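Student: Sequence:
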Amino acid sequence: MGRILAIANQKGGVGKTTTSVNLAGCLAAAEHRTLLVDCDPQSNSTSGVGLAGDHEHNTYRVLMGDCTAAEAIVQTELSCLDVLPATRDLAGAEVELVSQMARETKLRDALEAVRENYEFILLDCPPSLGLLTLNALTAADAVLIPLQCEYYALEGLSQLMGTIELVRKHLNPELELDGILLTMADSRNNLSHQVVEEAREHFGAKVYEAMIPRNVRLSEAPSHGKPIILYDISSRGAESYLALTREFLARTGETMTGAS
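Positions in the sequence shown are counted from 1; adding 59 to them yields this note's numbering.
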């Protein structure tokens, strides 16, 4: 049965979608059956793997009960990577779910029917702590938090940790913190070093050794609709996400195959 990982941080621009697309791409390249679920109305994960944002069957329709997850899933050019795409209609789900019964468990219930088809299911969350993120946290086995190496990075993290604790207490007692991923790292910048030190001091071994640098090729890849390993596998960005994937798999007791 697939391990479900929510990639979440209520702050925008910290690398959630970049991490969702590229971790999913690396896992798929390593021949692990992977499903990427776009839970963000901006639908950047959808376009980031080369899919158009006009799918009739999509995350919004799944949450509303208009179609099943199996009906909405789309294949990508990576044979082991599928996507449950989002469209801008998903923005309406925050409002429409409020009046529904069991509104926090819609995504979990929808994914149950396809979970056994995948080794990993990655949920790209929107930059908020609204009902879409709450659905993702309720569905997930664990949370991966991208944390940018910038000023105020650790501020607001306590709010997210508080939300995770509430979800654990009331909705999903099995939810774990998978880890903290440091993003936008710049080895020449003293501030980056300070954030790294503070994060490791607060979260210890939960902070991944792999760090994601600022990288031009990594920034270019989404405009070409490709994960970085398909766009430029020799780039620093690709090397960093491959290192993250190896570390992620090691934490789950798996090994890296199929991709170097």
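These are computed hints drawn from the structure, not numbers from a lab. Note that the structure is a prediction, hence the values are computed from the model and not measured. A portion of the hints provided could be inaccurate.
[As the list claims (entries may be wrong)] Below, computed lysine-lysine pairings styled on DSBU-like, alpha-carbon distance capped at 30 Å:
(1) 70 with 265
(2) 228 with 70
(3) 228 with 265
[What the hints assert, rightly or not] FRET-style restraints, in silico, Cβ to Cβ:
(4) 150 with 60: 17 to 23 Å
(5) 233 with 273: 33 to 39 Å
(6) 282 with 160: 21 to 27 Å
C-beta: ideal position from N, C-alpha, C; glycine also.
Student: If a hint holds in the structure, say so; if it does not, say that too.
Tutor: Results of checking the hints against the structure:
no.: 1; hint: 70 with 265; verdict: holds (20 Å)
no.: 2; hint: 228 with 70; verdict: holds (23 Å)
no.: 3; hint: 228 with 265; verdict: holds (21 Å)
no.: 4; hint: 150 with 60: 17 to 23 Å; verdict: violated (31 Å)
no.: 5; hint: 233 with 273: 33 to 39 Å; verdict: holds (35 Å)
no.: 6; hint: 282 with 160: 21 to 27 Å; verdict: violated (41 Å)
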